[in-house]
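Undergrad: For reference, the chains in residue letters:
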Amino acid sequence: MAVLAETRRVTKRFGTFTAVDAADLAVASGEVVGLLGSNGAGKTTLIRLLLGLLRPSGGDALLFGVLPSMSTRRRVGYVPQTLGLYDDMTVLENWSFTAAAFGSARPVLPESIRDSKDELVGSLPLGLQRRVAFAVAFSHEPELLVLDEPTSGVGPLSRARLWQDIRESTEHGAGVLVTTHNMEEAEQCDRLVVMVDGRVAADGAVADVIGSRTVVQVTCDDRRKAFAALEEEGLIVQVQSDALRVPGSPGQVEEILARHNLAATVATVPANLEEAFVSVVTKGTHR
Amino acid sequence: MTWGLELASVRFGTRTALDRVTLVAAPSTVSVVVGGDEAGKSTLLRALVGLVGLSGGSSRRPPKSEIGYVPATVGLYVDLTVEENLAFSGGAYGVTGQEFAHRSAELLERIGLADARDRLGGQLSGGMQRKLAVAMALLHRPGLLVLDEPTTGVDPVSRSELWRLISAAAAAGTAVVATTTYVSEAHRASTVTLLDQGRSIATGAPAEIVDAVPGKLGVVRSAVQPRGLSWRWGTTWRLWSPSSVLPEGAEPVQPEFEDAVVIASLAYERGV
Amino acid sequence: MWAMIVKEFRQLKRDRRTLAMLVALPVLLLVVFGYAARFEVSNVAVDVVGPQAEQVAGLLRAPFQVVDVDPAAGKSLVVSRLRDGDAAVGLVTGQRPFLVLMDGTQLFAAQAAEGALARMTATGKAGGSPAPAIAVRILFNPKLKTSWIMIPGLTGLILVFIGTLITSLGIVRERQSGTIEQLAVMPFRPWDVIFGKIVPYLLLASLDLLVIVVVGKVLFGVPFVGNVATFALGALLFLLVTLGMGVLISTVSQNQGQAIQLAIMFVVPQVLLSGLIFPISSMAAGVRWIAYVLPLSWYIDIGRGVMLKATPIKALVEPLGVLAGMAVVVLGLAMLRFRRDLAPSVRGGGAITADPAAVPS
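Chains Z, F and G, in that order, are what the protein sequence lines are. Residue 287, in our numbering, is where the first sequence stops; the numbers in between run on with no holes. Residue 272, in our numbering, is where the second sequence stops; the numbers in between run on with no holes. Residue 361, in our numbering, is where the third sequence stops; the numbers in between run on with no holes.
Chain Z extracted, bound-state conformation (with noise of 0.2 Å):
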């Protein structure tokens, strides 16, 4: 697996603000690495970075193994939040506008989107748009592929199916690198970054970030009534079919409970990525 992009200790000041500070960061082909970090943790500025869109004020940005460059901008496909395409163009030319501009030679428009080639992209639903953006992200077979939040405000459906594009990509031997808030995305890379205040919090597989941590499960019987009572406690409460899922431990719970004359049931079990996230990223910033 070659390494195509790595940050080694990079650094972003503007003026007296830290936007990133010292972090490490590597996507190799075939694997799809999720960045993870509550809005202005550093995640942009540090795909800028990664793209050369911005110098760094420390530390090193590779991309291929050399530093960014229009040459090796060729071989990056970025699709970002607000996905890149003209609204005022049809889906067939901005994908020859791409094309064009890479210099590659006019490939086939995917089956995916050839249906609405002539029609405007103002006009398509989001879900669609955001296919269209990823395929024309993808028309000059990049070697890395660098997509902001890419389903953002879409159906669970669409989502599920442009991820089946993302991973036909890998199979090709690309590397993927995602920014997400959803949850349940995370859990389909092979690696998380988790940053919090433009440093790395987390690495590795969504067990590894996951690690030992434990939540308390409670069953009760008033489920409503718990829920309100946990939470006006300030804790985040995650709701699953018949139980409710609280950080803490499983005195703590009990004595919440008791006080609001609640009965129930509290057991540790393993937590989720959603609950290990928000514990990343809590621990040692005060609200």
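Where hints are given, some of them may not hold.
As the list claims (entries may be wrong) - Derived EDC-like pairs (lysine to aspartate or glutamate); straight-line CA-CA distance at most 20 Å:
no.: 1; chain 1: G; residue 1: Lys7; chain 2: Z; residue 2: Glu119
no.: 2; chain 1: G; residue 1: Lys13; chain 2: Z; residue 2: Asp118
no.: 3; chain 1: G; residue 1: Lys7; chain 2: Z; residue 2: Glu232
no.: 4; chain 1: F; residue 1: Lys64; chain 2: G; residue 2: Asp192
no.: 5; chain 1: G; residue 1: Lys7; chain 2: Z; residue 2: Glu111
no.: 6; chain 1: G; residue 1: Lys13; chain 2: Z; residue 2: Asp87
no.: 7; chain 1: G; residue 1: Lys197; chain 2: F; residue 2: Asp79
no.: 8; chain 1: Z; residue 1: Lys117; chain 2: G; residue 2: Glu8
no.: 9; chain 1: F; residue 1: Lys216; chain 2: F; residue 2: Asp259
no.: 10; chain 1: G; residue 1: Lys7; chain 2: G; residue 2: Glu40
no.: 11; chain 1: G; residue 1: Lys13; chain 2: Z; residue 2: Glu119
no.: 12; chain 1: G; residue 1: Lys13; chain 2: Z; residue 2: Glu254
no.: 13; chain 1: G; residue 1: Lys7; chain 2: Z; residue 2: Asp221
no.: 14; chain 1: G; residue 1: Lys13; chain 2: Z; residue 2: Glu143
no.: 15; chain 1: G; residue 1: Lys143; chain 2: G; residue 2: Glu40
Said to hold, decoys possible - Computed beta-carbon distance windows for the label pairs:
no.: 16; chain 1: F; residue 1: Gly112; chain 2: G; residue 2: Val23; range: 51 to 59 Å
no.: 17; chain 1: F; residue 1: Arg117; chain 2: Z; residue 2: His260; range: 27 to 35 Å
no.: 18; chain 1: Z; residue 1: Val3; chain 2: F; residue 2: Arg119; range: 27 to 35 Å
no.: 19; chain 1: Z; residue 1: Ser69; chain 2: G; residue 2: Gln256; range: 52 to 60 Å
no.: 20; chain 1: F; residue 1: Thr2; chain 2: Z; residue 2: His260; range: 54 to 62 Å
By construction, these hints were calculated from the structure, which means they are not laboratory data. By construction, the Cβ of each residue, glycine as well, lies at the ideal position given by its N, Cα and C atoms.
Add chains F and G to chain Z, keeping to what the hints say.
TA: Relative to the frame of chain Z, chains F and G by itself:
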């Protein structure tokens, strides 16, 4: 006094955006509408608050002074400070003087912006902006709160804080209607409505929707997409059969709510 | 690079407003510089009074055009007619020397008249007859200063700028940020929103107006001899027209770029064809009607009249009336359209014009 839409339809020229949808918004409850893009969620909310006229059916809503609405585009002024944004909302709804000072302080505390009164709206992060917009809509203690995709593109921590705000409003008596593309958020609702291309394909409490799932659901652990109606689920595949028989290689599994949503769409497509 | 060119063309062919501008502006400029941009006045309106009025009137040739001959009247009638703008030059006969009074605010007409008089006396001399004694007096703008006639017009330009361009941008900005939807749901009546948006600009424009008049007086010595109330009324009516135009433009624009394009198409013709720079009377007859359709032309009449000539309100009934009429029409249309945006009809599904692709449905 409950509000909502009854068999409401909205047509834009030849396009039917909403087709005989019924939605009930009762006080102290949270009603969530789930659907992909183009499902008609925004149109549904717009019809509910009166931004869009109905081509059929009826709607029931309180007077404007008792509605709080946050559109999908957030709807706050980026060139006004946090304080000024709230003041504008206060002025519009008649919440002034002592009452405004008290209520705005309370809300700012809740959303964690008490120390950021003088920050410009444009300088806030996405999650913070949404929280402020919701606070602006709650300033006057509306009877009906309508939120269009309040959590789309917001990180998980801010998302749960937003829901805390929303749940508190419901607990205080407000009828809340919210749309989302995050299926897991529907758990917080007392009623969930599944929207697909303008039609309501399932509605009820989350547990009811799961129970009403037809056919049989299975898990397939393979690297290749199995044949049949399947979709990726983490590192495995989910496979659904409209009949009660699963093909070989699929282990039967109890559907979660997320599965129920996908199955409902597939079943609807097939006329099951 | 070729790809960029092709792309720009493709986008352009769908951008109707820019295309319109590309076509309309050259046509406009052609019309202006072909037919309207002239400083030579070929048509000077003359009043002749005094005992020898009819005689003298018979002697006058082009560019003079005799509009009134009144042997019974004297200097005072001429002065008031010049003040009211009914004539550009007046000849008072029956006294030695002849008195030729000119309206200094009609700069180019006065210059044309001076030139014509000089020619006449020269030919007379050449023909052997003695030159009659003529006293020329230029009223209202004795030194024929350009700044004196430009500055009142400038006040109008500022009002157009603020009224139309800036107002439309202010409203479109709301549409772009999506906050107009919320305004529609809040307990505002459409009037609250429209006037709430217009009033700050109204106040600012009035302030600007004041500043320019004062600066004009202090720096350039431009007088203000007329009735302040009349001037204020004219300014107010004109402002209402331009503000209404601003609101109207905002109702047909989805973003600030489009608003600016429309505003430009509204402002530029007024700068060129309203008599601000080129006198209306020197425009070719076929295009002169354009000046009468532009609100700025009527305002300039009022502005120059009141500031420089102390024209009384009863002589300004026509421009004031026209502006009032325009204000009613434009504001009325603007209200109707804006109202439709804010409070769609219950039947028929009229939707808010937010960009549907940007908002997920």
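Undergrad: Now look at each hint and say whether the structure bears it out.
TA: Hints and how they fare:
1. Proximity of Lys7 of chain G to Glu119 of chain Z is assessed by CA-CA distance (about 16 Å); at most 20 Å being required, the pair is judged to hold.
2. For the hint pairing Lys13 of chain G with Asp118 of chain Z, the CA-to-CA distance comes to about 15 Å; that is within 20 Å, so the pair holds.
3. Under the criterion of a C-alpha separation no larger than 20 Å, the hint pairing Lys7 of chain G with Glu232 of chain Z is inconsistent with the structure, at around 55 Å.
4. With a C-alpha separation of about 14 Å, the suggested pair Lys64 of chain F and Asp192 of chain G falls inside the 20 Å cut-off, and the hint holds.
5. The suggested pairing of Lys7 of chain G with Glu111 of chain Z is violated, with an alpha-carbon distance near 24 Å, which exceeds 20 Å.
6. With a CA separation close to 14 Å, the supplied pair Lys13 of chain G and Asp87 of chain Z stays within the 20 Å bound.
7. Restraint check for Lys197 of chain G and Asp79 of chain F: the C-alpha separation of about 16 Å stays at or below 20 Å, so the hint holds.
8. A hinted pair counts as satisfied when its Cα atoms are at most 20 Å apart, and Lys117 of chain Z with Glu8 of chain G qualifies at roughly 19 Å.
9. Distance hint between Lys216 of chain F and Asp259 of chain F is fulfilled; the C-alpha atoms sit about 11 Å from each other, no more than 20 Å.
10. With a C-alpha separation of about 48 Å, the suggested pairing of Lys7 of chain G with Glu40 of chain G is violated against the 20 Å cut-off.
11. Of the supplied pair hints, the one linking Lys13 of chain G and Glu119 of chain Z holds, its CA atoms being roughly 15 Å apart against a limit of 20 Å.
12. Distance check on the hinted pair: Lys13 of chain G and Glu254 of chain Z sit about 68 Å apart at the alpha-carbon level, beyond 20 Å; violated.
13. Simply put, Lys7 of chain G and Asp221 of chain Z have alpha-carbon atoms about 63 Å apart, too far for the 20 Å limit, and the pair is violated.
14. Straight-line distance between C-alpha atoms of Lys13 of chain G and Glu143 of chain Z comes to about 35 Å, which puts the hinted pair past the 20 Å bound.
15. Straight-line distance between C-alpha atoms of Lys143 of chain G and Glu40 of chain G comes to about 19 Å, which keeps the hinted pair within the 20 Å bound.
16. Take Gly112 of chain F and Val23 of chain G: their Cβ atoms lie about 55 Å apart, and the range 51 to 59 Å holds.
17. The beta-carbon spacing between Arg117 of chain F and His260 of chain Z, approximately 33 Å, falls within the hinted interval of 27 to 35 Å.
18. For the pair Val3 of chain Z and Arg119 of chain F, the supplied restraint of 27 to 35 Å is violated, since their beta-carbon distance comes to about 41 Å.
19. Checked against the hint of 52 to 60 Å, the pair Ser69 of chain Z and Gln256 of chain G fails, with Cβ atoms roughly 36 Å apart.
20. In this structure the supplied range 54 to 62 Å is violated for Thr2 of chain F paired with His260 of chain Z, their Cβ-Cβ distance being about 28 Å.
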